[in-house]
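*Asks:* Produce the entire structure from the sequences given, and follow the hints as far as they go.
Per our numbering, residue 1 is the first one in the sequence shown, and the count goes up by one each step.
Hints may contain errors.
To be verified - Taking lysine to aspartate or glutamate and the DMTMM-like style, the derived pairs with C-alpha atoms no more than 25 Å apart in a straight line are: (1) K114 - D327; (2) K28 - D332; (3) K28 - D250; (4) K114 - E249; (5) K114 - D99; (6) K28 - D68; (7) K28 - D212; (8) K28 - E47; (9) K114 - D89; (10) K114 - E329; (11) K28 - E38.
These are computed hints drawn from the structure, not numbers from a lab.
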Amino acid sequence: MTVTHRTLGVLSEGSFGSLTPSTGLPDKSGSYTSIPCERDPIIIFGEPVFSERNDARDGNFLIPPEPDTVFSGGSRVRHRTGQVVCRVDLTTIGTASADYSANYLGLLLGAGFKTRIPSVSTDNVTAVDVNSYTPSSGPNNDDVGTIIGADLSGRAEYSAITDDTNGGNVNFSPAFSGGFTGSKVIRHLQTWYVPGQNATGTRENSLSFRVDGVGFRTYCFGCVLESLSITLDNGRLMGEFTYQSAHIEDDHGNASGPIEPTYNSGSPPFFRGAYAVLSSTAPTSLTAVTTGNMLARTTADCEDFSLTVTNTLTPMGHSNSILAMSDMEISDVVVELTMTLSTPLTLINDDFFNRTLRQVVIGTGPIGDGLGCAIMLPAAQLAVDPSAYDVSGNDIVRQQLTYNQSRFSGDVSGSNATNSPFRLGLGI
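*Replies:* The structure is reproduced here in structure tokens:
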């Protein structure tokens, strides 16, 4: 009898499914990083794929189904498919690394999003106003759309670059608070985003996972992010990542026990010491701009929020490997952000019926070197009527908001995160 202590390791695949050219089977020799994730969602994943045999028979019995798999050395290869679930907080890298390229958080996010590592991580700037600054070693055009942050009056504030060349100044939207004056330190966050136009459907990588336990080991290959759910656990941001795996198989004979997780040296983001911000006016949505948006801000008394990003995955089917596909395309994305306001914002009461868009930024604390996290919908559309206040409790009136991503065109022409409909930034 053995205990069920178990860990989950992750590896970025060099090619989808980690197939070995000489055999057409997944390669298990990679070096996995053990993730500091919650234990309960880690199980032996997947269900077998098979074809039922409904043959004629001479009695009341069943015939074993035909497993959908390939042969190797004259024997069937074990094959399952299914979901891999990983729940982890978003603890940042701190000062240990320059970015998230080889970090488990970067790998987890990269299986569903594109990312932009900013050309500069920090900059000592001179504030022009609450929507622009003069850089010292500023960003370039490839950084337009990425999230920036600053520590203002002891609170973390976030926005996104909309223009890197406005008369030598950098524009951003929505605005910072009135504390953004004089000389300040701007921190540029590595930003993951939903790509558009010719990059629609792309991502950074696919993943392989390995479950390690006492007497058991399971591999999951060809994993792509199906959904990301971010919720609060007493203020701490928790991300539940759900992946679809093209191939799952066990290797219990080579089990070596659970592996100590590798922890990041930063801080877990908390929904404290920061703001939930809406733009005071509507962002540009349907026309190209020559100067990036510079919108005022309205802070919201937000007591709780949750975010769900759902990717529709479409297999690129083929028949020449056990995967039965060459990749999984992200054919659609739906972002849903729900917010509970303890003080209703009358400013937005008519937004649903007027079809008014807002920029929405959810910030977290702390912010610093390798610290910080923010979520942004640069053009958010309401899915509910905000004037229908929540009076169901016996305490206070609340306002329940549900936003989806809409089209945004308030960034000047650029690449990468420019005009992307959803962004998530982590401090570097």
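*Asks:* So if I understand the rule, the pair passes when the alpha-carbon distance is 25 Å or less; does K28 with D212 pass?
*Replies:* At roughly 13 Å apart (the allowed maximum being 25 Å), D212 and K28 satisfy the hint.
*Asks:* Next pair to validate is K28 with D332; report whether the Cα-Cα distance is within 25 Å.
*Replies:* violated, 31 Å
*Asks:* Would you mind confirming whether the straight-line C-alpha gap from K28 to E38 stays at or under 25 Å?
*Replies:* holds, 24 Å
*Asks:* Is the straight-line distance between the alpha-carbon of K114 and that of D327 25 Å or less?
*Replies:* holds, 16 Å
*Asks:* Between K114 and E329, does the CA-CA distance stay at or below 25 Å?
*Replies:* holds, 13 Å
*Asks:* Are K114 and D89 close enough, with their CA atoms no more than 25 Å apart?
*Replies:* holds, 20 Å
*Asks:* Regarding the pair K28 and E47, is the alpha-carbon distance no greater than 25 Å?
*Replies:* holds, 20 Å
*Asks:* Taking only the CA atoms, is the gap from K28 to D68 under or equal to 25 Å?
*Replies:* This hinted pair holds, its Cα atoms lying about 21 Å apart.
*Asks:* Within 25 Å, alpha carbon to alpha carbon, are K28 and D250?
*Replies:* Satisfied, since the Cα-Cα distance of roughly 11 Å is no more than 25 Å.
*Asks:* Tell me if the straight-line CA distance from K114 to D99 falls inside 25 Å.
*Replies:* holds, 14 Å
*Asks:* Quick one, are K114 and E249 close enough, alpha carbons at most 25 Å?
*Replies:* This hinted pair is violated, its Cα atoms lying about 28 Å apart.
Hint violations for this structure: numbers 2 and 4, all remaining hints satisfied.
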